[in-house]
Amino acid sequence: MSSKLATLAEAVASIPDGAHVALSGFAITRCNMAFARELIRQGKRDLTVSQCVGAMDADLLAGAGVISRIIYGGGSLDRFGRLNCVNRGIEEGTLVAEEYSSLSVAFRYLAGALGIPFIPIRSLRGSDILERLRKTAPGDIAFVDDPFSGEKWLVLKPLHPDVAVVQVQVADEEGNAWIFGPRWDNEEQVRASTRTIVITERLVSTEMIRRNPEWTRIPGFRVFHVVHLPFSAHPTSVYQAYDYDADCIKEYAQMTQTREGVQAYLDKYVYGVKDHWEYLERVGGLERLSKLTADPVLGY
Amino acid sequence: MSSKLATLAEAVASIPDGAHVALSGFAITRCNMAFARELIRQGKRDLTVSQCVGAMDADLLAGAGVISRIIYGGGSLDRFGRLNCVNRGIEEGTLVAEEYSSLSVAFRYLAGALGIPFIPIRSLRGSDILERLRKTAPGDIAFVDDPFSGEKWLVLKPLHPDVAVVQVQVADEEGNAWIFGPRWDNEEQVRASTRTIVITERLVSTEMIRRNPEWTRIPGFRVFHVVHLPFSAHPTSVYQAYDYDADCIKEYAQMTQTREGVQAYLDKYVYGVKDHWEYLERVGGLERLSKLTADPVLGY
Amino acid sequence: MQAEQGYTLFELMAVAGARELKDGEVVGVGIGLPVVASFLAKRTHAPKLTILFELGVVDPEPIHTGVGLADPRVWYRAKIMSSFVDILGTVLHRGVVDVGFLGGLEVDMYGNLNTTLLGDPNGAFRHFVGSGGANDIASSAKRTIIIIRHEARKLKQAVSFITSPGYIQGAGSREAAGLAGGPSRVITDKAIFDFEPESKRMRLLSIHLGTTLEEVLAEMSFEPIVPDRVPFTEPPTPEQVRLIREEIDPEGIYSGR
Amino acid sequence: MQAEQGYTLFELMAVAGARELKDGEVVGVGIGLPVVASFLAKRTHAPKLTILFELGVVDPEPIHTGVGLADPRVWYRAKIMSSFVDILGTVLHRGVVDVGFLGGLEVDMYGNLNTTLLGDPNGAFRHFVGSGGANDIASSAKRTIIIIRHEARKLKQAVSFITSPGYIQGAGSREAAGLAGGPSRVITDKAIFDFEPESKRMRLLSIHLGTTLEEVLAEMSFEPIVPDRVPFTEPPTPEQVRLIREEIDPEGIYSGR
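Taken in sequence, the protein lines are chains A, B, C and D.
In this text, residue positions in the first sequence follow the working numbering: the first is 1, and each later residue adds one.
In this text, residue positions in the second sequence follow the working numbering: the first is 1001, and each later residue adds one.
In this text, residue positions in the third sequence follow the working numbering: the first is 2001, and each later residue adds one.
In this text, residue positions in the fourth sequence follow the working numbering: the first is 3001, and each later residue adds one.
Derived from the structure by calculation, the hints contain no laboratory data.
Keep in mind it's a predicted model, so treat the numbers as computed, not measured.
A hint or two may mislead.
[Said to hold, decoys possible] Here are the simulated PhoX-like pairs of lysine-lysine, each with C-alpha atoms no more than 25 Å apart in a straight line:
(1) D:3022 / D:3142
(2) D:3048 / B:1157
(3) D:3142 / A:152
(4) A:157 / B:1152
(5) B:1274 / B:1250
(6) A:152 / B:1004
(7) B:1268 / B:1004
(8) B:1135 / B:1152
(9) B:1157 / A:157
(10) C:2022 / C:2048
(11) D:3048 / B:1004
(12) C:2048 / A:4
(13) A:135 / A:157
(14) A:250 / A:268
(15) B:1004 / D:3022
(16) C:2142 / C:2048
(17) B:1152 / C:2142
(18) A:4 / C:2022
(19) A:291 / A:268
(20) D:3022 / D:3048
(21) B:1268 / B:1250
(22) B:1135 / B:1157
(23) A:152 / B:1152
(24) A:291 / A:250
(25) A:157 / C:2022
[Unchecked claim] Partial chain C-side listing against chain B, Cβ under 7 Å, derived:
(26) 2054
(27) 2055
(28) 2139
(29) 2142
(30) 2178
C-beta: ideal position from N, C-alpha, C; glycine also.
Based on the provided sequences and hints, a complete structural model is requested.
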């Protein structure tokens, strides 16, 4: 009735250069990896990305020069290492980083989601994060007197990304989506953004959505494109679907230690394959992916 | 390991006179009816109650003179009628009503839940609700200049009820609880309050809670008492458990049209029975209640 | 009444309400006529309509009529079940609601609605429902549609209490209060009104078949703007009437049949 | 190292961390030693401890060790799975978190922590993890426990960047910034410190068995307050060691075995 099904290429093509994209990844889980690879292939430029905790999706985009600005609360590849590309961009001055804490970014999304013009927060006071934001994002932070207590409070400006891109386990063709496991900032990202792209492991009927309406974390009426693409978070994990691919993430962490390594990684896994299906073949195809399939009780 | 199981009498006894209690009811669904009846039996006085939409639980308490203040966004018994007792209290000046809109109260709970000192809102401007709040609750509303746009915004003070009392379908003995169906203001009420009393239709093991952790709407670590009491919302409905008892609500709406009728209702259904089980016998016992049991597909 | 025409006034009003909804819009509704109008629109010209109930229900498909939003009957087959903060906060207050339906005890010529009390708030008065989500919808929806019975005691020169602001005191005063949007239509059982763009005063748009201009004006406590030519309201089609009677409100609860 | 004592330094530190947690408290933890300390406390003296992961996980019972908070292994058997806003907002920022664990690249004598960068932020520097939820925990938890390796390049006179404020510049400056709470303990692989109540300067509390005061001070770039008598840190019990090795970190991932 209101199908929003699109190919990954179509969904990515809808994002203009310079857009602000909120990404659903957290470190090495539910990252928009296929989406990031397609953004790179389509030669997108000058994007701003935001997420509470910087993740592998943002790092790959930074490595490929797709993004010029990141609004985040810090991040890593967990035990696999630092966000080499993001960090190098910051160190060399090629990437503008507006660095907050997890909650500050979450509150900026929440304020955006609620349609409120500012939100008070206790975090950041007395820190160099705040001092640096006075230079990197002076228009996004301010101090306001609490009219009830008279105390001075830091307030943050809402975030309104142009697009939220969210990797989910289950969605229908209208974009109503279920997220299993913790949801970190994803629900607020969607509600703060102008439009949403859902990338789903499994496509179900709207009839299925109606059977568990309490599970619907992303409202379909905020969604513009639904991309049905299994293993689209590979090599990161999707709870209840598949585990992270430790070897692939190690290879990434290793190769991205140098600019040359990043180029070699892109040649091998992004430019060197024509689409997501060829990428999956490149990393080992069905045989490899079967080994990652999650146990239904453990969820990994 | 950390059981918080209590009888209804124990849970009610923990609430001091003068306390601010957030109630989980909405019109005629998931109302804290058994809880309200026990509050009346124990002779509690001078309570403040709050809820986004005034419901049958608040009305019964108003009728019995238990509450002296209500913070709410308006309310009714749906097609069964007005909140006769609340309205009479307001009309006669015996009940202080701080009347908002649904979202204003929800935002005050949300601000309380988030630990933020104020929250901006677009609602209430240009209305007599705002004009009246300037008199009834001048310390809870203020205007602040948005530091980002310069526009003047109404801001509300957070609500921090002493106790949230929430009627749920399923809980474990630690207070981790599932709410099926829409949850209106209940999640924010719990998080805004100092402590929470959960009144549950069904008691399950913590093992069961761990199987569906995404369903946990009330965190057990915020809960002080868990009362396991089937049909505790009667005559209001509990989605997936039982339907509202239309005859009983009609009788209530009819009897509460006069003060004398209220007294007769209390004598019959509150003072005239020693506890919840005797109340259930009074309204028709198992035979009557069986007829209200919800169909698992319909939920009513 | 009007049985010979094959539809009731309730059905005419519901159809008029449905006609105001465009496909793909997001609509916030309360129980009663707005529910019938929205479900009717969704089953006819607006299949992509999104229907919201303030307490946290999206796009239900009830098969039984309910006594109010609190009745699980009207939640049946929803796609989302969430909360006030989700629906009124992240959808309505966020600016995503296109249309909201509002009803009331009284409305004045600027579309200000009273659902709170009748009488003098500083003297004797009778208290009613209050706002619920109505004030929130009136403040944040892109436009609102007012449904009200056509009686002089309801269409007032001044309302006892402004629960949900319309155009407040007319031209510019809504903007001055920091509000966008505002009422776009008033649908009564005798006529349909809009608001004149400059003065923001209520303006007669059409009269229901079987009513006269004199009857319309006689039952109003203020004078609406009356254009030279006032057409009759487009009547419901037999299929619309059938949908309401057989599928949307088979028990006649909303329409009071 | 210290194999003859029947425990490793990691285990000693984890046990020291566990000892700081009281039954019934709510604790915000990151991966690694804090997870081991919290799970150990919960299995021994603090069964009613509530353990939070910032991304939205409450009271998990993992049976496999994970590579970080993003690893579903550490979410296993959680009682709640929610979000940043739920955990960091409605629990931490609401003021309900009793204890938070923090680690870092550098800490100074007032407990200010750096997890962001090394070098001169205005010149050449190397960028690391940043805050995540660390700054939030440092700002809103009732108290924090800092875990850090005991090296002069980590226990610094001044840190390159204050990611998570401790007592800032000592006496009164944390309150002046509008913050309550603050670090209560620093646990290193050589010693445990607290903060002197007036000056808020780091103060030696105990030294681990097998270490000397001279070794402790030699590997610090500032001088902590040293009381006249400094006891040895209470060593782990065999049961605590067994729980860590057999149940909490059987694969030795957190302890690096």
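Which numbered conditions among the earlier hints are violated in the structure presented, ordered from lowest to highest? 2, 6, 7, 25, 29
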